[in-house]
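Asks: Residue strings, one per chain:
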Amino acid sequence: MHLIRGLQDKLARISMLALALFAGLLVFLMAFGLFLRSRPILDSIPLMELLLSSSWHPLKGEFGLFPFLTGTVWVTGVSIVIAVPFSLLCAMYLAEYAPVSIREWVKPLVDLLAGIPSVVYGICGVLIIIPLIKDHLAPLFGSFSTGYSVLAGGVVLAVMVFPIIIHVCLEVFASVPYEVREASLALGATRWQTTKKVVLRKAMPGILAAFVLGLSRAFGETMAVLMVAGNVARVPRSLLDPAYPLPALIANNYGEMMSVPLYDSALLLASLLLLVVVLFFNVLSRLVLIRIERGIQ
Amino acid sequence: MEYKAHIRVRNLSVSYGTEQALKDVTVDLPEKKITAIIGPSGCGKTTLLKSFNRLIDAVDGIKVQGEVYLNGDNIYGPGIDVTHLRQKMGLLSQRPYPLPMSIYDNVAYGPRIHGIRKRRRLKEIVEHYLRESSLWDEVKDRLHTPASSLSVGQQQRLCLARGLAVEPEIILGDEPTSALDPTASQRIEEKFLQLKAKYTIVVVTHILRQAIRLADYVVFMYLGQLIEHGPARKVFENPQEELTRGYIKGVIV
Ligand SMILES: Nc1ncnc2c1ncn2[C@@H]1O[C@H](COP(=O)(O)OP(=O)(O)O)[C@@H](O)[C@H]1O
Ligand SMILES: [Mg+2]
Chain A
0 MHLIRGLQDK LARISMLALA LFAGLLVFLM AFGLFLRSRP ILDSIPLMEL LLSSSWHPLK
60 GEFGLFPFLT GTVWVTGVSI VIAVPFSLLC AMYLAEYAPV SIREWVKPLV DLLAGIPSVV
120 YGICGVLIII PLIKDHLAPL FGSFSTGYSV LAGGVVLAVM VFPIIIHVCL EVFASVPYEV
180 REASLALGAT RWQTTKKVVL RKAMPGILAA FVLGLSRAFG ETMAVLMVAG NVARVPRSLL
240 DPAYPLPALI ANNYGEMMSV PLYDSALLLA SLLLLVVVLF FNVLSRLVLI RIERGIQ
Chain B
0 MEYKAHIRVR NLSVSYGTEQ ALKDVTVDLP EKKITAIIGP SGCGKTTLLK SFNRLIDAVD
60 GIKVQGEVYL NGDNIYGPGI DVTHLRQKMG LLSQRPYPLP MSIYDNVAYG PRIHGIRKRR
120 RLKEIVEHYL RESSLWDEVK DRLHTPASSL SVGQQQRLCL ARGLAVEPEI ILGDEPTSAL
180 DPTASQRIEE KFLQLKAKYT IVVVTHILRQ AIRLADYVVF MYLGQLIEHG PARKVFENPQ
240 EELTRGYIKG VIV
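Protein chains in written order, with numbering that gives the first Met the number 0: chain A, 0 to 296; chain B, 0 to 252.
Next comes chain B alone, as it looks inside the complex:
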């Protein structure tokens, strides 16, 4: 199977002050597929994910070396508009963090920031993306209540809708189901499987079985290094590296 690369990472090293979190990572992430980044906690998965939308820029004393190409442009190169770059990627974090406003305003937040003012248009957008994230039926009668009144599972789907509403090409998920109960997790997973028809999805997970269920492509990290990457089948069934084998067997946690 041949993959068309969407994000190309080249010799990426990231350090927080003196602590090196990523060491010389080079990998291509395929377009319109689900890539799972797996590895034990503290190995740099979040750092790698957040380097794609340059959210790590905000951390004090961060140093980034190397390149990340998105559609051929180095996002760490000169002349890159970070807000524009971030708009191309929706982010789901470990726990849902709704913005301190209503359900409606949460979804409309992104479009408003990017200059959409017409109420009719905003309404359409909000409805569309709430449907897209399978939340519409549950909230259509209380769009103007605070988002914090939703259950955690609903909040995570709201965060998905909020991210989709800025029309990204890529969805980034940082262990997006780790705070959810099994049913809510399953809904997010189903969503991802549907959404990969339109979006490139990169999801960090430390649940191996989730990676097996979702992933088309797998990136295995260990202590800041990329150990192995490849099509999911190949990595899971026939890992090339000793470390990967250990992790999949559950020896390394």
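Looking at chain A on its own, in the form it has when it is part of the complex:
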């Protein structure tokens, strides 16, 4: 009896350990798998050419990823440019100005925003942002646009990364000791001076980490962008041009035309790139945030 219980305990512990290890290793396994599968294309076309060529003609054996890379960079860039000032001001208001009652009300609402499925954001983008750009914004600049564009993708993504940035910024602001604010106020500084010169400065590493975390989210976001960005495999030249971000390329094409040689290898290379970039940003920002949480400055 005693023996069996001991054995059970041991078994349970070992299997749980194995599962935990597996979960931890999963990301490396995935990266490794993607790497193996993208070997064929890396062996036949130099990496630099894959990254910098603009010609994407799978049937002719040309797999230039440049349009998709620039598409991703454009859309992500626009989203961050929009999201950063909005979410920073919002977090600053909530953390430094709002009475506790308002803050405690708004915080869960903001977090709720993060839980909305991205396809819903996509739909809202198609129904609201696209017509707005097509019928109002583009004519204003005297140009034509279908509405499906870098700008549309950027706006939708911006709304999607707001909650992440706001949430992390709020935590970073909360980690700034109250006494530092008091020190500034006690010298006769106003709230705004205190926020701008002391709190922001103290919180800056964390705020940057929040931006990078938002960036990595925007970088990998697929569904919503796919629905509004236009998906034309050309390097975008302006905000109103369509773009074809990397995740959209993969989602749209994987599983089709697989008989084309090297096609699937090219898409898996694209996935690997995406994974590596997103992981890099993610790990970077989390490391900074962990340091802040532990109070190392």
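No lab work stands behind these hints, which were simulated from the structure alone.
Be careful, since some hints might not be right.
In silico SDA-like pairs for lysine to any residue, Cα to Cα no more than 25 Å straight-line [as the list claims (entries may be wrong)]:
{"no.": "1", "chain 1": "B", "residue 1": "Lys87", "chain 2": "A", "residue 2": "Pro176"}
{"no.": "2", "chain 1": "A", "residue 1": "Lys106", "chain 2": "B", "residue 2": "Ala57"}
{"no.": "3", "chain 1": "A", "residue 1": "Lys196", "chain 2": "B", "residue 2": "Val138"}
The hints should help you fit chain B with the ligands onto chain A, whose structure is shown.
Replies: Relative to chain A, chain B with the ligands alone:
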């Protein structure tokens, strides 16, 4: 001995939400003297101190009743400019909290906020007040390194310099030596004894012996109430109240 009052507190009551931290406190604090506010922890010493520069305003759900007169003006009256009021008082907190910037910028922070822009003038101010707080010799070669690189004792003296640089009339200290080692504490105490020639000093302390060393005037608080106040000699040697006697003997902690 007659004292000229600098801060006059009249029927001051403060509550945090439902918790009353100060109950009907009335007292006069003498000018250019060191007043020690003593009492067991949680009795409202910090609250009383921070009501002088209205730092307690920033707390959510705070209620203040009564008046505090500074040079005859009620600081809780209408038309008071809080930033101007705070400029008249330098604050030292329990632990030093340097601003996230260089040693130089810490001292220059206040003057800059109040509109001094000329670099020459700022430099003079910084040097002057670093000397005033006996820190100059230790930091003059590294003024532009982060203030956080200083030792805790040096940081506290930096905070003193920072507070003095806005040219206050009053120095408020909230257990300013509680995070410091004995030597660093002693330096702050010596500083206070020198500075009282120019400033009114109000210092909260729960170290009775520190109060005996420093104080000209003593305010004893207990559970939000002012129990006894008077010249230090009188309160320490001949306390009138049972509670004060208990506290001084170490029966009440
Ligand atoms: N920010 C605050 N919010 C709520 N209650 C507070 C706050 N600050 C102090 N108090 C309460 O007010 C009382 C007096 O506190 P304090 O003035 O800090 O005492 P002391 O400095 O003598 O230790 C305590 O009971 C404390 O719990
Ligand atoms: Mg206290």
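Asks: Looking back at the numbered hints, which does the structure fail to meet, lowest number first?
Replies: none
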